[in-house]
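Residue numbers (numbering that gives the first Met the number 0), protein chains in the order written: chain A, 0 to 289; chain B, 0 to 456; chain C, 0 to 285.
Please keep in mind that the hints were generated in silico from the structure rather than gathered at the bench. From a predicted model like this one, the values you see are computed outputs, not experimental measurements. Be aware that a few hints might be false.
Stated by the list, open to error - Here are the computed distance ranges between Cβ atoms for each label pair:
hint: 1; chain 1: A; residue 1: Asp-38; chain 2: B; residue 2: His-90; range: 37 to 43 Å
hint: 2; chain 1: A; residue 1: Ser-135; chain 2: B; residue 2: Glu-203; range: 28 to 34 Å
hint: 3; chain 1: C; residue 1: Leu-221; chain 2: A; residue 2: Leu-14; range: 54 to 60 Å
hint: 4; chain 1: A; residue 1: Phe-195; chain 2: C; residue 2: Val-262; range: 53 to 59 Å
hint: 5; chain 1: A; residue 1: Ile-154; chain 2: C; residue 2: Ala-17; range: 23 to 29 Å
hint: 6; chain 1: C; residue 1: Pro-263; chain 2: A; residue 2: Val-83; range: 28 to 34 Å
hint: 7; chain 1: C; residue 1: Val-90; chain 2: A; residue 2: Ile-154; range: 39 to 45 Å
hint: 8; chain 1: A; residue 1: Ile-154; chain 2: C; residue 2: Ile-15; range: 28 to 34 Å
hint: 9; chain 1: A; residue 1: Val-58; chain 2: C; residue 2: Pro-199; range: 50 to 56 Å
Just so you know, even glycine gets a beta-carbon here, dropped at the ideal spot from N, CA and C.
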Amino acid sequence: MKSKNNGKDFCMFALPGMFCFFAVVIVPFIYGVYLTFTDWNGVATVKNFVGFKNFGGVVKDAQFWSSLLLTFKYVIFVVIIVNVLAFAIAYLLTRGMKGENFFRAGFFTPNLIGGIVLGYIWQFVFSRVFVSIGESTGWKLFEVSWLSDPTNAFIALVVVSVWQLSGYMILIYVAGFMGLSEDVMEAASIDGASGFVKLKSIIMPLMMSSITICLFLTLSRAFMVYDVNLSLTAGAPYGTTEMAAMHVYEKAFTSRQFGVGQSEALILFIIVACISGIQVYLTKRQEVEA
Amino acid sequence: MRKKVMARLVSVVLIMVLMMTMLTGCRFGFASDPDDPNAEEKKEPIDTSTDTFEYDASLNGTNITLLNTKAEIQVALEEMGVEYEKKSGVHVEVMPVSDDSPYTKMISLYNSGNPPTIAILDTTDVIALAEEKGVDMSEEKWVSEAEGYLTKINGKIYSFPLCIEGRGIIYNKTVIEKALGETFDPASITTLDEFQAFLDRLVENGIEKPVSMAKEDWSLGAHHLQYIYETYDGTSEGAQKVVEEIKAGTLDLNTYNRMSEFLDIFDVLKEYNVAKGDPLGADYDEMAIDLADGKTAFWFNGNWAWPNLVEAGAEETDEYGFLPYFMNNDKEDFANQMIQGAPSKQVMVDRQIATEKEQAAGRQFLNWIVFSEIGQQMLVKTCNIIPPFQNNPYEPSDPLSRDIYEKVHAQKAFSASVIVPNDHWAVLGAAMQKYLAGRSDRRELMESIQDYWDEQE
Amino acid sequence: MKQTTIGGTKRKVTNILAMLGLIIIFIAYMFPFIMVVINSLKQKRDIIKSPFSWLFTIKGLSFDNFVKAFTQMDFLNAFKNSLIVTVSATVLVTLLAAMLAYYIVRHNNGISKLTFGLMVASMIIPFQAIMIPLVSIYGGTLNLLNHRITLIFLHTGFSMAMSVFMFHGFIKGNVPLALEEAAYIDGCTHSQTFFKIVLPLLKPIISTMVILNSLAFWNDFLLPSLVLTDKKLLTLPLSTYSFYGTYSADYGTIMAGLLLCVVPILVLYVALQKQIIGGVVAGAVK
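Only chain A is shown next, with the shape it has when bound in the complex (with noise of 0.2 Å):
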């Protein structure tokens, strides 16, 4: 496609989608990145240039950092998880088995439960299926709700966002998995390969652009990991589960310090993208292409 008509294709191509990403993205961003350096707090009439002032105050603000403590940990923890099972789960979704599309219909379910509702049937299942199982056997582990556990609370904020971002991640997975051809998967059998073989050398190298694209997608939900977190514990017990990107959010909106929140905002955007762009660097170069 390298011919003369090339400005032609980029209008027809490339321009109506360029147009929607930057008017609706890009454009609000850079005005929110224009806000971080004014004193703005989201009403007011009038804005006054600050310089870096909101910056001093988000290096003050001590409850940011370790907010972003807990969410480096949670992060490592979830991205793993979440792209084991996933990967494995959409393998066996794959192979031909009976009932497949029902299952695939079941591990869907989770994408479909968001909100107030996600909160509440996992509070149950934390704070009065696990109990109760506690009750019954006398085990330590499920004596008290986890809920009200920094720890355990901290593991069932994990287990809640394995089991939502891996329904999504499955997808994708899956996806990926139906795109490889036939004959590869075919020939690998027929040459003989053991199960591990095939799956080192054959299926992760062919299945690569979809693991760059997962471990992108738990790699940046993870970080900015809001909804879950709100609906499930927010931030309780005693503050202890508190993530960055529900911090940011309550110091713009309930500590009322707008540019503060913003500034912080785009440091945890800094943080996250480089980090996701050296994992996406390190992956893409695994990547065959067809």
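We have chain A already, so just place chains B and C on it with the hints.
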């Protein structure tokens, strides 16, 4: 193969539908169940025959918007809007807030250039917004009817107090009397020691853990903790004075008697808490059920808990009421005699974007609520609100609101309400949770409170 | 199934084990959804007191919640609104993103690289950070809020980055350049090549993206709540606002409302399953 799966899927769905249909069939058999909590609530009829309110004819045809941040009265407000339109010709569009906080919604609405003409807000929001956006309502007619419930910002009134809400220790009289086998007079308990002795008697008579207390940060950080400010002398000015002194460092929490007294009663409630084994695992909705069923006898909460109690099976004829938050053993202390009841939602009219006509229509709506016979009735009966206006002759019908209404009129309530930064309940609610869970002591809690105030400008 | 005929007993055993493990995980995944279904038939008191009790042991089990949700949500109108917004935005974003991604893959120039880089980075922007700037630009400055078109446009813009990213990965990995070159030799124009040769090859990823995007648009609450205030335009999630109270929520009705909302998505998912499978590239290159 695939077709087979599809067929099976379809059949599963069909079976489920069939099962559900059968179940509904079953349900009709129980339809006469008198305890069905979902039975249509009967509505008190509104008498619209008399209306002496004078409407401004020039406002006919004006459209105004009303932002409602009190979700439970959404439907009621819509009904009020319809009535008002019938009479005045002004159309009121009621906008709900469900997911966001009121303040976030206001920010986004102002930024979108489409703010509501009238907004129901919390007091802190009014203070943040009013001077720049609000209509000065100091000269409005309703001001004289709301004496004692007005919020002034630099001497001016920008907001209309919508309702009185009160809090305290809710009791279920029937449960107590059944357990003790004697009549219960709430006024017989006058001090903390008496309250504790009473709790012990309940324990002896089979109610093992008689108290419910919510773990939610708004309950702990606002409704419990704010007693340390509000009981200073029972006035809003006094409460503000304490805040200023803590901020300035001239009042030491370690020696401030209201601080230790507050923790004394809090410790008592904590000790008899039904969820003592796992206080942070308590469930709000279950507390209502426990109180209605008689598993507990007390619940620390406010009159807004009534809808929850109704869902739990309580009825308007049941006897519920409030005990004061007993701070010490001094019978003469007002804190042991009165419950707190203060205006909780404030209504502001926009002057930044709204036209003169819209502002006038909004202000007329507020006056209509206070002075028209229909507005007065609807505020109390339809919205189920305790009105802060002296001229409103109607009494609320649910036992909790009625108790507060009666206490307000019998001078058994103090109206102190402290104005604290918006994140007070969230930040200090977390500190209180830690204390409730037994993971911090008094010293650490007081340090958190002091630290919080030190950080404020 | 192919594998079972090729392998021996060992393979069969591992298959059965895998199947067993899958069933266990499957139940764990389905569990919350089943809870929603069961509890949507109960009254609030029963939901709180005995959320797990088996269907038949509770009296007063009924469709009341569904009826209430249906009427209070003004379901048919909200459904129509959601449908218009979701379908238009999904079609728009799928088409535009596929074309843009195709352009980026095949033109490795500066603009491509910059756009792609920005898109990848933009997926990390927390929505809350651009929420206020967004409303002040589209509402305060341009005064475009409260129109369906605006919502469709914003949905399209927000999901563009991820869609392009997904198409990009798929086109790079699964669409052989050789096919296109053959098409050019046969005299196809670029757009003919794209629509007749490339697009059909994208079926699996298109199906996936249609599901993911329509799911996101259908269930989104925050963006529509910023854009739409007119009651006549409210989408399904927005129309459930009346079930939420300040201190407590009407769980039974919320769950019934949730089920009413998600059924179309489930149907779409089951329907698109076929497409995902039908779109396998195998053999196309030969």
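Outcome of the hint check:
| no. | hint | in the structure |
| --- | --- | --- |
| 1 | A/Asp-38 x B/His-90: 37 to 43 Å | 38 Å, holds |
| 2 | A/Ser-135 x B/Glu-203: 28 to 34 Å | 30 Å, holds |
| 3 | C/Leu-221 x A/Leu-14: 54 to 60 Å | 28 Å, violated |
| 4 | A/Phe-195 x C/Val-262: 53 to 59 Å | 41 Å, violated |
| 5 | A/Ile-154 x C/Ala-17: 23 to 29 Å | 27 Å, holds |
| 6 | C/Pro-263 x A/Val-83: 28 to 34 Å | 32 Å, holds |
| 7 | C/Val-90 x A/Ile-154: 39 to 45 Å | 42 Å, holds |
| 8 | A/Ile-154 x C/Ile-15: 28 to 34 Å | 31 Å, holds |
| 9 | A/Val-58 x C/Pro-199: 50 to 56 Å | 54 Å, holds |
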